[in-house]
Each structure stands twice: as structure tokens, then as C-alpha cells.
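Participant: Residue numbers (the working numbering), protein chains in the order written: chain A, 22 to 333; chain B, 4 to 119.
It is worth saying that the hints were derived from the structure and are not from the lab. Virtual Cβ for every residue (Gly too), placed ideally from N, Cα, C. Heads up, some of the hints might be wrong.
Not the full set, but computed from the structure, chain B residues with beta-carbon under 7 Å of chain A [to be verified]: (1) 30; (2) 35; (3) 37; (4) 39; (5) 42; (6) 48; (7) 53; (8) 55.
Stretch-level coverage of chain A by chain B, calculated; a stretch enters the list once three of its residues show a Cβ under 8 Å from a Cβ in chain B [said to hold, decoys possible]: (9) 273-279; (10) 289-302.
One-letter residues, chain by chain:
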Amino acid sequence: LTENMAYGGARGYSAYGHSLASEIPLPELEATGNRPDIFIIESSEPAAPEPSSRRWLLEADGSTWLVVGEGAEGTVLCFPGVADFSVDIGARRITCHLDGGSDRAAARHALLDHVVPRLLVAAGGTVLHASSVAVGGSAVLFAGRSGSGKSTLAGRCAAASHQVLADDATALQPIDGAWRAWPSYPGLRVWPESIRQLSLPVAARPVSAGAPKWRLDVPGPPDGGAAGHRVAAIVMIDRREGPTSGRRLTGSDAFARLWESAFGWPGTAIEHALFDRVTRLAEEAPVLDVRFANTVDVEEILATVDRLLVAR
Amino acid sequence: MAIQRAPRPGTGAVSGRPELSDRAVAIPPHVLVREVADEVVILSLQSEEYFGLDPVGTRMLQLLRSEPSVQRAFDALSAEYDVDDTTLSRDLDLLLQELSSRHLIELSGPPVETQS
Chain A
22 LTENMAYGGA RGYSAYGHSL ASEIPLPELE ATGNRPDIFI IESSEPAAPE PSSRRWLLEA
82 DGSTWLVVGE GAEGTVLCFP GVADFSVDIG ARRITCHLDG GSDRAAARHA LLDHVVPRLL
142 VAAGGTVLHA SSVAVGGSAV LFAGRSGSGK STLAGRCAAA SHQVLADDAT ALQPIDGAWR
202 AWPSYPGLRV WPESIRQLSL PVAARPVSAG APKWRLDVPG PPDGGAAGHR VAAIVMIDRR
262 EGPTSGRRLT GSDAFARLWE SAFGWPGTAI EHALFDRVTR LAEEAPVLDV RFANTVDVEE
322 ILATVDRLLV AR
Chain B
4 MAIQRAPRPG TGAVSGRPEL SDRAVAIPPH VLVREVADEV VILSLQSEEY FGLDPVGTRM
64 LQLLRSEPSV QRAFDALSAE YDVDDTTLSR DLDLLLQELS SRHLIELSGP PVETQS
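Make a model of the complete structure from these sequences and hints.
Facilitator: Here it is, written out as C-alpha cells:
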């Protein structure tokens, strides 16, 4: 509470099962008055990683997407032309500096979909690049490589009256021996061509100025999913022509697919702990590989998931 | 390779690379190894690559880590599996080469002889 009072202008939000106090307005998130455990402050001073510690993550076209390195006040994540974020893991504090003239929606996207999940991982959590929906009160996660259609499949589930939990990232935690899922925040980000296909009766707008994806205001679960949902299955999706098929992944296959989908953080000790959590997840949670054609009904996909879960 | 029902004592040698026989296998600090179900996953924090071993490879690595030398691991595997020495030697060599070339294991010098 004392820490919260230090940020007098902060507003309270919930995301990933956590409460955030943010000096930056975050209209994407549900408001909450809960005691915050993550603090977001805005700074006019840019943060730059030490040159010797810099690592570059590139886009497919070779342009720089993210530069990560150590700065004066923690690890710095720089999204060129958008914003830089200095992350103090111990204090669970993210200091944001928006690049001059950058679009605030793009900066919020970087903060909420890339920086916050990585802070959670650094602080001992597990977050997967996965959309998720509630089916029969449990969470079914859809993971896959970029462009595999995670958000679109979640949107198709919404059109079939299933509750969307998360669009792109889902936080996981073992509670009393069972893995539970917490959504990032409500809404879906989809390609423009998917909007007409989904026919959802919700508002749509570009994610940010010039962004290729559009945001659909699909409502989130009651209470922002604060209690979490039991994980029924983590489904690695693969869209391809042919009949719907699937198999259960175990051992190193399950680990490999989960590790590819997990948010990471630079640093040996953190990677070590994350490796332990992901191997545990591979052993304890049902991981499925399901292949389906673009046109197949979502109920057929969910029935395949059910069949694989029963057939263990 | 099938699991042998009645263990027999190993009598062969690691013939592919005899210089390895007395070496001990260790996992370097930058490599993480965990068992998942009946397989093992290996992560190199240096190269950020990960690898999986099937159940037979997993058993080989278990014994390479727990036995004091490659030869002793070979003997234990020979007793455990119904496999001829030539095949076992080739498979063990292959695994050692794969893991070693990717810096996932370290081969230390001959074990120090202890007086009993």
C-alpha cells in the first residue's frame, strides 16, 4: 500500500491474474481496486541498455524488433520507435519511456503483451503465447507459431458462444497440484479479413495507427477471470487441409512445444527456474497436437480435444 | 533395442573410440537436464538450443552420469539390454559424439583410482 501511495496518480487494473497500478492509462484492462503487485510508472528519461549487454531480436524482414540489455535500474527492453521499458524485477516495477511521437496504443501493446508477461516470468511465473477459451468451466489453450491462427480460433469459439479468456497470452500456475490459467486481458487482435468471417457483434478498430491487426472488443470473463480456470488442455494448433486429427504429446515432444510457446527472460538463474516450471508443465498438463482445416467447425476441433483427453 | 529380461554381465569394450573408455561424463554448468515422463530434455543456456532423448538415450545418459567411466556405463547398459557389443558401442559412441559436439557434456580425465 505504501508503494501504491508513492504513485499517487496511478490507476488500478487487473491482468494475468495480477493487479497493476499504472501511471499510464490502460483502457484495454479491467479496472480494479485490489492491492497492486505490479507497478508501472512513466518517465521522461529514456533508458538504454549497456552496449556490451545488448541482444537484438529481429523481425522476419531483418529489422530490429526488440533490443534487450542491462541498464542502470534493471533490465531494459527497447522497442525501437515505440518505447523503452526498464524492469526492476525485485520491486516488480516497469518504468516506461515513450519515444517522441510514438503511438501510445503501440506502446501499450508492447507493455501489456511483451513486457508484463516477461516480468511475470522473471518473477517466477509461467506465461504462454496462447489464446484461451473456457469450455465447460475449464480453460483450453491454443498455442502455435506466429500466424498459426490462435486469435482467430479463439474468435471462432466466441462466435460459437464459448467464453474467450485470452487473445495472445495466458498465465499458468500450479495450485494444489493442478495447473490453472489466468487471461492476459479481454479482447481479440485479428487480421482485418478475419473480422467479417467471425461476424461477432462487437466493436472493431485498428490496434494502433498503422498496425496491421484490428482489435475486437470481445468481453472478458466475469471478474476478469481473477479466480483462474483449471487447465483442461494446451492445444498446439496446426491448420492444414485434410480431416481433423490429433495426438497427445508427451515427454520431450511436449516440452519442446511448450518451451517454444513460453515467454522467456534473459538471465541464467531465471531461465533455469523457467526450465523447471516448463518441464513440470509438460509432465502434468495435457499437451495436444491438433491439425484441422480452416473451414472445419470449432465444435469438431473441441470434440477432437475431448476425445484425446479421454483416450489417455 | 529391447530391454533384456535376465541381465547378463558386460564383457565388451567401448570399441569405437577406446580413448573414451576411462573418461567420466559430466554436465557443464550451462546445460540443464530434466526427465519428463520416460524421456530426458536438455537445454543449453549457451546456445539456447534444446534437445530430447528417447527412453533408450535417456537410460544411456543416466548411466553415463552416474557411473564413474564410459566403460562402466557401457558394462551396465550391456547387462541391462539385449544388444550385441558392437551395436551398443556404436550407439553409445554416437550419443557421446552428438552431446559432446554440442557442448552438452564434458568428458573428464580418467577417474582417480581409490585404494580399497
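Participant: Taking the closest Cβ pair, is residue 39 (chain B) under 7 Å from chain A?
Facilitator: Holds: closest Cβ of chain A sits about 5 Å from residue 39 (chain B), inside 7 Å.
Participant: Go through the hint on residue 37 (chain B) and say holds or violated, using the shortest Cβ distance to chain A against 7 Å.
Facilitator: With a closest approach of 4 Å, the residue 37 (chain B) hint holds.
Participant: Using C-beta distances, would you say chain B covers the segment 273-279 of chain A, given that this needs three or more residues below 8 Å?
Facilitator: holds (count 5)
Participant: Does the closest beta carbon of chain A sit nearer than 7 Å to the beta carbon of residue 42 (chain B)?
Facilitator: holds, 3 Å
Participant: Would the hint on residue 48 (chain B) stand, with a C-beta cut-off of 7 Å toward chain A?
Facilitator: With Cβ-Cβ at 6 Å, under 7 Å, it holds.
Participant: Check whether three or more residues of the segment 289-302 of chain A sit with their beta carbon closer than 8 Å to a beta carbon of chain B.
Facilitator: holds (count 6)
Participant: How about residue 30 (chain B): closest beta carbon in chain A under 7 Å, or not?
Facilitator: violated, 13 Å
Participant: How about residue 35 (chain B): closest beta carbon in chain A under 7 Å, or not?
Facilitator: Cβ of residue 35 (chain B) sits 5 Å from chain A, so the hint holds.
Participant: Classify the hint on residue 55 (chain B) as holds or violated, based on whether any CB of chain A lies nearer than 7 Å to its CB.
Facilitator: Constraint on residue 55 (chain B) satisfied, holds at 2 Å.
Participant: Close enough to count: is the Cβ of residue 53 (chain B) nearer than 7 Å to one in chain A?
Facilitator: For residue 53 (chain B), the interface hint holds, since the closest Cβ of chain A sits about 6 Å away, which is under 7 Å.
The structure is inconsistent with hint 1 alone, although it conforms to all the rest.
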